[in-house]
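There are 2 protein chains.
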Amino acid sequence: MRRIKVLKPVLVSNQQRAKENRQAFDRLNSLVINIIASPGAGKTSLIKGIIEKLKNKYRILVIEGDIRGQIDSEMISKLGVDVIQINTVTECHLDAFMAAQALPKIKKKYDLILVENVGNLVCPAEFEIGEDYKLAMLSCPEGDDKPMKYPLLFHLAKVVVINKCDLLPYLDFNIVEAKKAVRKENPRAIIFEVSSKTGAGFEEICRHLEKELNAKKKKTAG
Amino acid sequence: MRRIKVLKPVLVSNQQRAKENRQAFDRLNSLVINIIASPGAGKTSLIKGIIEKLKNKYRILVIEGDIRGQIDSEMISKLGVDVIQINTVTECHLDAFMAAQALPKIKKKYDLILVENVGNLVCPAEFEIGEDYKLAMLSCPEGDDKPMKYPLLFHLAKVVVINKCDLLPYLDFNIVEAKKAVRKENPRAIIFEVSSKTGAGFEEICRHLEKELNAKKKKTAG
Numbered sequence: 001m002r003r004i005k006v007l008k009p010v011l012v013s014n015q016q017r018a019k020e021n022r023q024a025f026d027r028l029n030s031l032v033i034n035i036i037a038s039p040g041a042g043k044t045s046l047i048k049g050i051i052e053k054l055k056n057k058y059r060i061l062v063i064e065g066d067i068r069g070q071i072d073s074e075m076i077s078k079l080g081v082d083v084i085q086i087n088t089v090t091e092c093h094l095d096a097f098m099a100a101q102a103l104p105k106i107k108k109k110y111d112l113i114l115v116e117n118v119g120n121l122v123c124p125a126e127f128e129i130g131e132d133y134k135l136a137m138l139s140c141p142e143g144d145d146k147p148m149k150y151p152l153l154f155h156l157a158k159v160v161v162i163n164k165c166d167l168l169p170y171l172d173f174n175i176v177e178a179k180k181a182v183r184k185e186n187p188r189a190i191i192f193e194v195s196s197k198t199g200a201g202f203e204e205i206c207r208h209l210e211k212e213l214n215a216k217k218k219k220t221a222g
Numbered sequence: 001m002r003r004i005k006v007l008k009p010v011l012v013s014n015q016q017r018a019k020e021n022r023q024a025f026d027r028l029n030s031l032v033i034n035i036i037a038s039p040g041a042g043k044t045s046l047i048k049g050i051i052e053k054l055k056n057k058y059r060i061l062v063i064e065g066d067i068r069g070q071i072d073s074e075m076i077s078k079l080g081v082d083v084i085q086i087n088t089v090t091e092c093h094l095d096a097f098m099a100a101q102a103l104p105k106i107k108k109k110y111d112l113i114l115v116e117n118v119g120n121l122v123c124p125a126e127f128e129i130g131e132d133y134k135l136a137m138l139s140c141p142e143g144d145d146k147p148m149k150y151p152l153l154f155h156l157a158k159v160v161v162i163n164k165c166d167l168l169p170y171l172d173f174n175i176v177e178a179k180k181a182v183r184k185e186n187p188r189a190i191i192f193e194v195s196s197k198t199g200a201g202f203e204e205i206c207r208h209l210e211k212e213l214n215a216k217k218k219k220t221a222g
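Chains A and B are the protein sequences, given in the same order.
The UniProt record's numbering numbers the first residue of the first sequence as 1 and each following residue consecutively.
The UniProt record's numbering numbers the first residue of the second sequence as 1 and each following residue consecutively.
Check before you lean on any hint, since a few could be wrong.
Claimed, not checked - So these bits of chain B aren't anywhere near chain A, every CB distance computed over 10 angstroms:
hint	residue
1	Q15
2	K19
3	N174
4	I175
5	R183
6	K211
7	A221
Said to hold, decoys possible - To give an idea of the interface, some chain A residues facing chain B are shown, with a C-beta separation under 10 angstroms as derived from the structure:
hint	residue
8	P39
9	P151
10	P169
11	K197
No lab work stands behind these hints: they were computed from the structure.
Quick reminder that beta carbons are idealized off the backbone N, C-alpha and C, glycines included.
Construct all of the structure, not just a fragment, from the sequences and the given hints.
Below, the structure written as structure tokens:
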């Protein structure tokens with residue numbers, strides 16, 4: 001269709017800009033995670049949970065992507081970490097050029113940069129922003145068929161977080177099937193089962209992040 | 001950004017095509033509803049619920065929009081109504097040109113055409129397909145802030161369905177705030193509270209649809 005005609009060159013120029021962002025993030029020695037999920041799956045809650053557990057040990061920056069508004073940024077700011085807001089206005093995803101707009105605003109080094117993408121399972125997966133990796137989030141109320149229906153994201157995500165597991169008793173969500181569906185797209189995905197409401201599973205995610213942060217530090221030192 | 005440069009002409013040509021679709025749907029005397037929601041909000045369950053209540057009184061066609069696969073189409077087919085599948089491959093929404101591909105496959109007259117768009121709160125709202133109106137669905141687990149965060153859809157939707165109300169006791173979802181947020185974008189929105197699990201609220205939706213279908217029939221007869 002009409003957009004497909006322009007999609008290829010758009011993605012090529014996006015990839016070039018993503019590489020440049022990547023170099024800038026590397027100069028900051030930052031681990032950059034592009035967090036992608038449906039609206040309301042729990043991206044902001046995940047970020048808040050990580051901040052609470054890791055903010056005293058690591059320097060954290062959050063980049064908030066929203067169509068409009070900044071309520072999540074304001075909420076996260078209150079936790080005592082820096083936040084940069086990007087409003088996409090009409091766009092349903094962040095791209096490398098939007099992420100590049102955040103770069104001049106980064107005035108110091110951060111160990112961890114958490115990017116909250118626009119709530120959408122489709123386009124955010126197509127546009128690299130210069131991240132180390134994508135983290136896909138799936139919340140149980142959405143259904144265990146979503147990895148099959150939105151394959152690209154689950155194919156590309158290094159980490160998959162299944163959220164709202166506290167609701168499992170009230171849902172027809174088969175977590176074994178959900179994990180199978182993720183693994184079918186991506187056999188090496190690292191999967192966490194969490195509840196942002198009860199905090200279950202956040203220890204495990206943060207332990208994993210600490211390993212990655214320490215590995216990054218060692219690599220930079222060596 | 002790059003896509004914005006082409007977005008305006010794309011939307012203009014889409015609107016022209018949507019008008020032509022509209023004329024075709026009018027020749028069929030069909031009421032066409034474009035159903036838009038997040039992944040897993042309950043679009044397919046809504047469609048199934050409507051079919052079960054109305055299929056013996058009205059001729060119903062479902063047009064299923066998915067990135068890939070046809071599991072929803074197969075499920076709906078079993079209910080004894082006709083289904084046309086559109087796979088968008090990389091696109092995060094249906095547009096008027098994709099909907100036009102369904103037109104030659106419509107071999108008879110239908111009273112009601114239910115179009116299930118791709119699960120996404122952003123782009124499906126931007127692209128008219130020739131529908132009578134958009135129906136936006138919001139499921140309680142997504143949070144009561146979604147109409148504020150994804151304003152265009154709720155601004156444009158004539159009908160807003162709040163689904164999964166059976167989960168309200170387990171969620172921090174304020175239904176009064178959610179309705180306020182919808183009304184702020186769209187004071188005239190017709191709002192239904194339903195549970196696709198228990199069937200609550202489906203009577204009301206179907207009663208509303210019957211009124212619309214009867215009004216359409218009268219208008220055509222007159």
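Against the structure, the hints:
1. Interface exclusion of Q15/B from chain A stands, the closest Cβ pair being 12 angstroms apart, more than 10 angstroms.
2. Non-interface status of K19/B relative to chain A is upheld: no Cβ of that chain comes within 10 angstroms, the nearest being about 16 angstroms off.
3. With a cut of 10 angstroms on Cβ distances, N174/B stays outside the contact zone with chain A, its closest approach being about 14 angstroms.
4. Non-interface call for I175/B relative to chain A: holds, since the shortest CB-CB distance, roughly 14 angstroms, exceeds 10 angstroms.
5. With a least beta-carbon separation of about 17 angstroms from chain A, R183/B lies farther than 10 angstroms from that chain, consistent with its non-interface assignment.
6. The Cβ of K211/B sits about 30 angstroms from the closest Cβ of chain A, beyond the 10 angstroms cut-off, so the non-interface label holds.
7. No Cβ of chain A comes within 10 angstroms of the Cβ of A221/B; the nearest lies about 37 angstroms off, and the non-interface call holds.
8. Annotation: interface hint on P39/A holds; nearest CB of chain B at approximately 5 angstroms, less than 10 angstroms.
9. A distance limit of 10 angstroms between C-beta atoms decides the matter here; for P151/A the minimum to chain B is near 7 angstroms, and the interface restraint holds.
10. Given hint, P169/A at the interface with chain B, holds; its Cβ is 9 angstroms from that chain's nearest Cβ, closer than 10 angstroms.
11. A distance limit of 10 angstroms between C-beta atoms decides the matter here; for K197/A the minimum to chain B is near 8 angstroms, and the interface restraint holds.
Of the numbered hints given earlier, the model fails none.
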